[in-house]
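Residue-level listing of the chains:
Number of protein chains: 2
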Amino acid sequence: MTILRKVSLFKKLNSKDFKKIFSIAQVKSFNKGDIVFHKNEIGNNFFIVRSGKIKIFTSIGPNKKKTFAFLEKGDFFGEMSLLGSTTRSASAQAVSDSELLVISRFNFKKLLAKNTDFTLKLLQTLVKRLNNSDREIENMLYHNILGRLAGKIIELAPKTNKPPIVLNIDQNELAECIGTTRVPICHAIKSLKKCGAIDYKRTGIIILNLKQLESIANIKEVGERIIRYGN
Amino acid sequence: MTILRKVSLFKKLNSKDFKKIFSIAQVKSFNKGDIVFHKNEIGNNFFIVRSGKIKIFTSIGPNKKKTFAFLEKGDFFGEMSLLGSTTRSASAQAVSDSELLVISRFNFKKLLAKNTDFTLKLLQTLVKRLNNSDREIENMLYHNILGRLAGKIIELAPKTNKPPIVLNIDQNELAECIGTTRVPICHAIKSLKKCGAIDYKRTGIIILNLKQLESIANIKEVGERIIRYGN
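Note that the protein sequences, when read in sequence, are chains A and B.
Using this note's numbering, you'd call the opening residue of the first sequence number 321 and step up by one each time.
Using this note's numbering, you'd call the opening residue of the second sequence number 321 and step up by one each time.
Hint data in this document are derived by calculation from the structure and do not stem from the laboratory.
Idealized CB from N, CA, C, for every residue including glycine.
Be aware that a few hints might be false.
To be verified - Cβ-to-Cβ under 7 Å is the rule here; a few derived chain A residues that face chain B: (1) Gly394; (2) Leu443; (3) Gln444.
The whole structure should be built from the sequences, with the hints applied where relevant.
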């Protein structure tokens with residue numbers, strides 16, 4: 321009960337609601353690396369992250385993945401195949417040891433029908449994700465890989481004003497967030513490092529000059545001209 | 321009342337529901353070319369297409385647009401800024417003379433709270449749009465412009481098995497659907513024409529070989545190799 325109270329999805333629900341949701345959910349544990357579900361599987365459950373970290377992604381080639389989101393405590397996923405087509409539109413994997421609350425299709429529909437707070441939160445989350453996806457499409461049409469990398473680092477970095485801002489992520493994960501491979505990301509990181517916007521260590525990215533990084537993220541490609549930094 | 325009944329959004333609602341929705345909506349007319357709202361404006365209304373055709377798009381450069389959707393009778397839009405941030409995430413424009421039902425923020429929220437059929441339809445639509453956007457991201461990472469054009473022609477074409485399948489769209493509109501400019505689209509159309517998949521006239525695209533078009537749409541780029549057709 322104490323954990324459910326802290327889960328942001330439920331922050332507007334009262335103790336009575338908590339009781340209802342906890343009573344219809346099962347708790348399931350996943351080890352780091354475990355797949356929660358694969359893309360194109362038939363989906364019958366809705367999930368809430370109780371602890372740990374879940375990656376939502378799709379494979380777009382033999383060695384290429386596209387990460388759509390990292391989900392943490394209080395985030396939820398799996399509603400797509402309960403509301404749309406029955407198959408999963410992406411894969412979900414635990415990137416650290418995780419505990420999930422699992423809610424069946426039947427209970428999910430009951431929750432939707434009975435709990436308007438929950439439904440509103442779900443609508444708001446879908447709108448937020450749709451906004452993110454559409455912004456990503458614009459970004460892909462606008463920017464070269466350097467601009468997209470700069471934007472992704474800002475998006476993923478912890479929201480703090482206290483330097484240093486450290487983003488614990490390796491080059492492979494960063495490449496997957498952008499939907500490319502390691503080599504072009506490695507070159508782009510070197511360029512951002514050379515111009516002083518970031519530092520890169522094995523543990524991750526350190527943002528040295530957020531303003532500079534933002535300006536690189538906001539540069540639009542004009543026609544076919546590619547703007548290059550640091551080389 | 322008769323019109324509302326035919327609107328697909330409301331097909332599961334009974335006459336009592338129709339009465340409620342019609343009584344809280346205003347009818348507003350737009351001429352071909354009229355802007356319904358601009359991106360980044362503060363949004364206070366939700367819209368249902370009663371007749372005509374509405375384009376949802378964003379500008380991604382001085383002469384470059386990205387069209388996200390064409391909406392017709394029964395489709396709705398404008399919920400994003402009523403559920404998420406208050407500003408419009410894209411622009412909306414009438415591409416033919418259109419009539420819209422306009423519902424205020426206040427009445428939209430009332431509708432959400434009171435009408436679970438409406439809310440479910442809204443959830444399902446958001447999931448569908450999110451699926452489309454995420455598929456588009458995958459497509460952009462996977463395909464060269466020829467594959468994306470082939471896929472977009474299939475997506476936009478009328479769903480019929482009776483040949484000829486005719487898609488009334490000009491090169492500029494097609495370019496905007498893909499988020500590029502006219503010149504690369506013109507080249508790609510020539511390639512699709514040369515290999516016999518489509519014919520192109522001033523009035524639009526005629527699909528001559530749907531299977532071939534599908535196979536071009538499904539070819540994945542392997543690494544940096546770009547697969548070329550017809551030249």
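Would you settle whether the hint for Leu443 (chain A) is holds or violated, based on the nearest Cβ-Cβ distance to chain B being less than 7 Å?
holds, 5 Å
How about Gly394 (chain A): closest beta carbon in chain B under 7 Å, or not?
Violated, about 18 Å.
Tell me if Gln444 (chain A) is really an interface residue toward chain B, meaning its C-beta lies closer than 7 Å to one of theirs.
Holds, about 5 Å.
Going through the hint list in order, the structure does not satisfy hint 1, though it satisfies all others.
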